[in-house]
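A.B. asks: Sequence:
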Amino acid sequence: MASSSSSSSLTGHSKYKVFLSFRGEDTRNGFTSHLAAALHRKQIQFFIDDEELEKGDEISPALFIAVETSDISVIILSKDYASSKWCLNELVNILDCKKMNGKIVIPVFYQVDPSDVRKQRRSFGEAFVHHENNFPDKVQKWRDALTEASNLSGYDSTESRIKKRLQLMKVLIVLDDVHDEFTELKSLARRLQFSGRSRIIITSRDKGVLDKCGVNNMYEVKGLKYNKALELFCRKAFRETNCSHDLLELSEEVVRHADGNPLALEVLANNNGKLMKLISEPNIYNVLKISYDELNLEEKKTFLDIACFFTGEDIDFVRRIRDDPSSLDTFVDKSLITIFYNELQMHDLLQEM
Numbered sequence: 001m002a003s004s005s006s007s008s009s010l011t012g013h014s015k016y017k018v019f020l021s022f023r024g025e026d027t028r029n030g031f032t033s034h035l036a037a038a039l040h041r042k043q044i045q046f047f048i049d050d051e052e053l054e055k056g057d058e059i060s061p062a063l064f065i066a067v068e069t070s071d072i073s074v075i076i077l078s079k080d081y082a083s084s085k086w087c088l089n090e091l092v093n094i095l096d097c098k099k100m101n102g103k104i105v106i107p108v109f110y111q112v113d114p115s116d117v118r119k120q121r122r123s124f125g126e127a128f129v130h131h132e133n134n135f136p137d138k139v140q141k142w143r144d145a146l147t148e149a150s151n152l153s154g155y156d157s158t159e160s161r162i163k164k165r166l167q168l169m170k171v172l173i174v175l176d177d178v179h180d181e182f183t184e185l186k187s188l189a190r191r192l193q194f195s196g197r198s199r200i201i202i203t204s205r206d207k208g209v210l211d212k213c214g215v216n217n218m219y220e221v222k223g224l225k226y227n228k229a230l231e232l233f234c235r236k237a238f239r240e241t242n243c244s245h246d247l248l249e250l251s252e253e254v255v256r257h258a259d260g261n262p263l264a265l266e267v268l269a270n271n272n273g274k275l276m277k278l279i280s281e282p283n284i285y286n287v288l289k290i291s292y293d294e295l296n297l298e299e300k301k302t303f304l305d306i307a308c309f310f311t312g313e314d315i316d317f318v319r320r321i322r323d324d325p326s327s328l329d330t331f332v333d334k335s336l337i338t339i340f341y342n343e344l345q346m347h348d349l350l351q352e353m
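For the record, in the sequence shown the residue sitting at position 306 is 306 according to the UniProt record's numbering, with numbers rising by one throughout.
Because the hints were derived from the structure by calculation, they are not lab data.
Among the hints, erroneous ones may be present.
[Said to hold, decoys possible] Below, a list of computed lysine-lysine pairs in the BS3-like style, where the Cα atoms sit at most 27 Å apart:
hint, residue 1, residue 2
1, K119, K98
2, K79, K119
3, K98, K138
4, K98, K17
5, K42, K85
6, K141, K119
What you are looking at is a predicted structure, and each value in this text was computed from that prediction instead of being measured.
With the hints as extra help, turn the sequences into a complete structure.
C.D. replies: Here it is in structure tokens:
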């Protein structure tokens with residue numbers, strides 16, 4: 001199994017609410033990443049295997065600890081899950097913990113038929129043709145584990161199941177922070193029928209993503225006005241609409257620094273009690289760096305030039321003196337810069353990053 005990183009450091013004393021078991025190549029950048037993001041938003045401690053961990057036939061001691069100290073294990077059974085001996089060994093360990101310690105195990109059948117998992121058919125059967133030749137002493141244990149997991153109460157996310165539930169319904173779907181072509185969404189959308197009054201709202205830092213998704217209308221989300229920004233910060237930081245007088249001046253400074261960015265305000269507010277350190281909070285920059293990190297090396301150099309020398313300049317002037325004026329359109333599409341009354345502008349937080 002391969003994946004991203006743990007939501008907290010892994011030690012012998014760690015305790016997680018949820019352990020995620022999945023095949024990285026299948027779901028790392030789709031279902032699993034969205035599930036992990038949802039758990040993080042709900043402040044649920046979860047473990048997700050670090051892709052830098054050494055791969056091998058056996059589970060590392062660190063993973064044993066993570067499984068044993070998690071209350072719930074979510075097994076995302078996808079098309080190529082059984083092709084990974086790492087995943088299968090992990091599954092055996094999860095089910096052993098269920099038997100010995102009463103741990104909760106929840107299978108998610110991600111675009112696979114539960115009966116194919118139970119009977120090892122299709123991609124699961126193909127995987128075992130390979131395993132029979134290479135790991136004959138482990139095959140039966142792996143088969144038994146898949147059969148047991150498939151008989152547990154879980155969730156079926158196959159397209160047919162979604163189709164039955166959503167077909168002809170009037171729905172509102174919000175897809176937040178989409179940052180790739182979202183191929184799975186387009187494939188699914190072609191197969192589903194919604195009521196004509198349904199709406200799908202997609203938010204993205206990259207206008208190119210919205211073009212590829214074939215949106216009907218595109219809107220630029222404006223930053224919060226000062227009063228609303230101050231109210232949001234106070235609600236998140238102090239659980240009140242207004243903050244006390246002694247914190248008002250510092251709160252106003254934070255709000256001015258965030259410049260209407262709701263995400264920045266929430267990250268700052270979540271560090272209530274550390275107001276003197278808020279303005280240098282690194283988590284904000286980690287989020288804002290997402291679009292920057294997607295640039296190639298030359299684009300990054302150009303962006304740094306703009307941040308240092310051209311913020312506030314006339315956009316036509318900047319285009320004339322740049323060797324690669326088309327790169328400016330890339331920065332606009334990725335919401336790294338904005339053009340307001342022909343003036344090149346950049347969020348203060350991005351400029352300081």
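A.B. asks: Taking the hints in turn, state whether each one holds.
C.D. replies: A quick look at each hint next to the structure:
no. : hint         : in the structure
1   : K119 to K98  : holds, 22 Å
2   : K79 to K119  : holds, 14 Å
3   : K98 to K138  : holds, 20 Å
4   : K98 to K17   : holds, 14 Å
5   : K42 to K85   : violated, 32 Å
6   : K141 to K119 : holds, 14 Å
Against the hints set out earlier in the document, a violation occurs for number 5 only.
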